[in-house]
Each structure stands twice: as structure tokens, then as C-alpha cells.
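Here are the chains, one letter per residue:
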Amino acid sequence: MSLLEFFYWLEYLPLLVAMRSSPWLFPAIATAHLLGLAIIGGAVLVVDLRLLGLGLIRQPVAQLARNAEPLLFIGIAFMLLTGPWLFMCFATKYYYLTAFWVKLVCFALVLLFTLTVRRRVVMGSGSAGAVPKLVAAASLSLWFTVALGGRLIGFP
Amino acid sequence: MPLPEFFEWLAATPSSTALRESHYLYLAILAVHVLTLAVFLGTAIIVDLRLIGLVMTRVPISQILSRLLPWTTGGFAVMAASGSLMFYASPVDKFVNLFFRAKMAMLALAGLAVWIFFRTVHRSIEGWDNDPVPPRAARIAGGLTLLLWVAILVAGRMIPYQQYWLG
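As you go down the protein sequences, you meet chains A and B in turn. For the first sequence, our numbering assigns the number 1 to the initial residue and increments by one for each residue that follows. For the second sequence, our numbering assigns the number 157 to the initial residue and increments by one for each residue that follows.
Careful, some of the hints might be misleading.
A few chain A residues that don't get close to chain B, going by computed Cβ distances all over 12 angstroms [to be verified]:
#1 Leu16
#2 Trp24
#3 Gly42
#4 Gly83
#5 Pro84
#6 Cys89
#7 Leu109
A few chain B positions that, by computed beta-carbon distances, are all more than 10 angstroms from chain A [claimed, not checked]:
#8 Glu161
#9 Phe162
#10 Ala187
#11 Val190
#12 Thr199
#13 Thr276
#14 Val277
#15 Arg279
Interface residues of chain A toward chain B, partial, derived using beta-carbon atoms under 7 angstroms [what the hints assert, rightly or not]:
#16 Ser22
#17 Leu25
#18 Pro27
#19 Thr31
#20 Ala38
#21 Gly41
#22 Leu45
#23 Val46
#24 Gly55
#25 Arg58
#26 Gln59
#27 Leu80
#28 Ala147
#29 Arg151
#30 Phe155
Calculated directly from the structure, the hints in this document are not laboratory data. Beta carbons are placed, not taken as given, at the ideal position from N, Cα and C, and that holds for glycine.
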């Protein structure tokens, strides 16, 4: 079975066919996905802005990062719970969209980056020099690409 | 001139027609509107959850308001500008859209709630600035505006489904 055939199989599972026939299920899940974007946006921005010397500069980075982490995980959970359904509804359409694959790769990269390098930098006792700013720039550009990819694949 | 006729006149202006028919420009404005949600609502969620006493409980509320709220209002300004352009592109369709009307009504309510917060509850902030869980009035203000923003998001996301659902 090729990947395209697998996507086709997913899209035409009885559950997905039923989901598409509902007039409100897809919009409802897409709305929850959008709320996830906002939650991640807040949790990421509050820490990355701080790394760039903006936002809540009087608080230690580690304290902000610890406070924002539950919110970040809630946002990511929103995405992991809603995204696959949105994908499976129109899997064969996304197969042909470069923006979808870019989004998927960047999402995997930013998760990996956030849980390893960024986590070590923000939870640690503070790194000097350009490191925090580079970490913030990498995190913000990856998340931005994920969000933009998400918007682009939704267009008709 | 009554509003419906004004919007029909607006829709017939060359720039409104051009924007409506531009396709890519319109989609670019829509993308800006949606992506800025991460800045506007993202920071608003943190401000409101802090007022409720659920996140950043060790950060003084005055710090959150002075250092984070500018990002919220900046994001809001971009969303208002891009949203206005989208309205300008199809004023008649938007005017008759029930989700759009609900969204505008709730935006007015949210604005009112924020105004009341700064005119009343916020006046006494020195007394509870460092409280992990602020007084009831502040928690209500945070909860109410958060609910309104989420309801506005839902209504906004539903605008394209008006014809699909309600004919």
C-alpha cells in the first residue's frame, strides 16, 4: 500500500465519512484547533519574548518557562487531539499540498526543539550571549511556519 | 442613508470590488487576521488567567498588565485592521451574516468589560497586585472577558458557514 493509498483508506473509513456528513463536526474541531493556536501562541510568546528582552523582563526566564509549560502542553494537546481528525477528513487533498508536508515537518522539529534545546536553555540558570536570542528566534520562526502552513492548507 | 443601502454602495465602490476579486490579497489579509490571533488571544489568555489566579501567580498583575498587555492591544489593532479590510471587501455579505453580527455584538461587550475593569476593579490594584489569587471582582473580570474572546473566536470561525447552515 502506497502512502497515497493509505491516506485514501483513512479518508474513506466509515467514521470519517460520517464525520464529513455532519454539518458542524468539522467546523467545531477546526474551531478547537484555532483555540489551540492561541493557547500555544501565548505560552510560547511569553517565554520567547522574554528571551529576546521583551515582555515580562523583570521575571527570571526559568520561572516564566515553568509557569508557561502547562499552558504549552494544553495547547499542544489541543492540536494533537484535533489536528489528526482535520487531516483525515481530507487526507488525499493534503497529500498533494507542499504546505502540509512543510507544516508537519516543522511541527515535529519545533516539538523536538522545544522539549530538548529550548527546555534546557529556559529552565537552566540562564545562558549568556546570543544563545537565548537564537533559541527564541528558532522557536518563533518554526511555530510561525507551522501556523502559516496550517492557514495555507485550509484555503479552497 | 440606512445601513443596508450604505453597505450596498460601499460594496459597489471600485476598491471594495477590487479587494473582493483580488483572491490572493484577500487570502493574505485573512492569513494575517488568523495568525495574529496567536499574539492577541495568546497574550489575552495569559492576562485573563492571571486575573483568575490560574497562571503566573508569582508575577505581579501590574507587571502582566504593563509588559504583556501592549502585545495584546497591538495584536488587537492588527486584527481590527485586517478584519475591517475583510469587511470592506464584502460589506453586504458580512452585514447579513448572523455569526458576524454576533461577533460584533460580543466585541462591543468585551470592549465594555475591559473599560469597566479599568474604571472600577483596577483602581484598587495596589491592594492585590501580588495576590496569587486576586479578589472576586478581578476574577470575574478575567473570566468574563476570556469567555467573550473565546465566543468571539467561535463566531468568527463560523462566519463562512452562514450559507451552509442557515441558507
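Here is how each hint holds up against the structure:
no., hint, in the structure
1, Leu16, "holds, 19 angstroms"
2, Trp24, "violated, 8 angstroms"
3, Gly42, "violated, 3 angstroms"
4, Gly83, "holds, 15 angstroms"
5, Pro84, "holds, 19 angstroms"
6, Cys89, "holds, 15 angstroms"
7, Leu109, "holds, 18 angstroms"
8, Glu161, "holds, 31 angstroms"
9, Phe162, "holds, 30 angstroms"
10, Ala187, "violated, 5 angstroms"
11, Val190, "violated, 5 angstroms"
12, Thr199, "violated, 6 angstroms"
13, Thr276, "holds, 25 angstroms"
14, Val277, "holds, 21 angstroms"
15, Arg279, "holds, 23 angstroms"
16, Ser22, "violated, 12 angstroms"
17, Leu25, "violated, 12 angstroms"
18, Pro27, "holds, 6 angstroms"
19, Thr31, "holds, 5 angstroms"
20, Ala38, "holds, 4 angstroms"
21, Gly41, "holds, 3 angstroms"
22, Leu45, "holds, 6 angstroms"
23, Val46, "holds, 6 angstroms"
24, Gly55, "holds, 5 angstroms"
25, Arg58, "holds, 6 angstroms"
26, Gln59, "holds, 6 angstroms"
27, Leu80, "violated, 17 angstroms"
28, Ala147, "holds, 5 angstroms"
29, Arg151, "holds, 5 angstroms"
30, Phe155, "holds, 6 angstroms"
Consistency note: the structure conflicts with the earlier hints numbered 2, 3, 10, 11, 12, 16, 17 and 27.
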